[in-house]
Amino acid sequence: MKVLGIEFEGSHMNYVLLESHQDSYVVQASNRLSLGDTRSRDSLVAFQHAVIVTLTSTAPDKIAIKAKPEKGNMRAGAAALKMEGIVLANAPCPSEFVSGARINKCAAADNSIYAYLQSALKTAAVVLKKEHP
Amino acid sequence: MPGLPEAIQEALESLEEHFLNLEANIRGGNGYLFFAQNKISNANVAIKFYAGESGDQQHDEPRKLAAIQSPNVLPIHEARNISDGWAYFITPRCDGGDLDDTIQSRPSMHEAIDIAIGICEGVGALHSQRMVHRDLKPANIVMHEGKPRIADFGSVRAIAIGEEDTHSSRHSVLYRPPESFVNDRYGFRGDIYQIGLVTYQLLGGWFSYDGIEYLKEKELRDLALIADPVDRSLFVDSVIEKRSRSGTLVRLGSLPPWAKRAKRAIRSMTNPNPSARPSTVADVVAALTKLRVESHDWQWAGTTARLTEGGRTLELQPCPGGNYQAYQTKGGARRRLGGSKAAKLEELVEEIER
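In order, the protein sequence lines correspond to chains P and U. Going by this note's numbering, the first residue of the first sequence is number 105, and it counts up by one from there. Going by this note's numbering, the first residue of the second sequence is number 83, and it counts up by one from there.
Source of the hints: derived by calculation from the structure; they are not laboratory data. Be aware that one or more of the hints could be misleading.
Unchecked claim - Footprint (simulated), chain P over chain U, 3 or more residues, beta carbon under 8 Å: (1) 204-216; (2) 231-245; (3) 350-364; (4) 372-382.
To be verified - Straight line, CA to CA, 35 Å or less: simulated DSBU-like cross-link-like pairs of lysine-lysine: (5) K166/P with K146/U; (6) K372/U with K426/U; (7) K146/U with K106/P.
What the hints assert, rightly or not - If we take Cβ atoms under 7 Å as the criterion, some of the chain U residues that face chain P in the derived model are: (8) V255; (9) V367; (10) A368.
All values derive from a computational prediction rather than experimental measurement. Built from N, CA and C at the ideal position, the CB exists for glycine as well.
Given only the sequences and the hints, what does the whole structure look like? Please build it.
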């Protein structure tokens, strides 16, 4: 099973693709997409195409997204919410939101990927563990 | 059209029952291409006649095109056999010509990146089916409503599960990935090399289709001593191969100054060492989205460099001495940009972007 873990951070979409391997996992892909002007149609369309390429290329069985509040002081920014909408609208598979608390409890880590991708990796690992306990 | 095979002439006569304004297109490299309009739907279509030995692989091109569902891959309406050696398929006619026309029109920085991302979307659909295109170049990419569509599937090959590559294509020596000269093999990263070249062209990098322009003085002198046209052509191809393998086919210094942030991405995609290239098109689009965010949407307007942003238009106009002068138009009023003196284009671009 392949799970694509995603974290929206500022104007970036960080992603890590994990594939279950016996009782562990393997990092199959990782990178980050960037969104520029959140009120420019061209910019949003370009980001959407980039998301489609990423989803086609990684072909996940499930998408795990680090949940961010939509209200309150800790609410996600405009870029994160727009990027999240684009990913959900183009998802070729089921998706699941993972709370920050569950992600913080996850011990998964991989030194071969950048530090800014670790949270996306944990997000994927939480869902992978749930699907393959 | 003189010299047309008899089977195609008969097929065209038959097609005239259903289509108007049949017009030959001489730019197509493989087979024969015609444009026409459907008498009932008024749809503008392209009809491609292709040759092939009867057998399992004769209809590979339309079958592969039909198997790929992507807005960036040309869809197939209909395909028919007309003789043992000839068949045709019908696709929509794309209104924007091919990517060479777009490159000539000098797209803006963001337009160029968006087109490159669109090409990646089409190639990504191919790669997801474990197919490689092997002949990605501007002439094989058509534009429709501002979006690129990969059109020519004559070189597409499947890569078997567990394999990394297939035989390389003999098409277009200029676009051949360097590794294919060495081992005659072509993998997914070969397509990424070609996307890198096309992106470089879209961004305004120098790239000539005339092989002689890649020759240095000594090579030109050597060429002058060769009389046989075939030998001359082989000599030019060998120089292009040398440039390709040494990574000097692409002249990053020729990119306009606003595209300097693209150098790293282009260098990576066109690296002569395939393992140093991005491994997937997903990695290519990640680099392209970063580039899009970091870049301003400059564009050439004749000899003037123009940037429209935040309600104002900046123009860098050439002036005597090879320098440029910056002007700003805001609220209908045009004036020289405050404090700016005539300077080199790259200096002004850097100053404005800062």
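*Report the numbers of all earlier hints that the structure fails to satisfy, in ascending order.*
2 and 8
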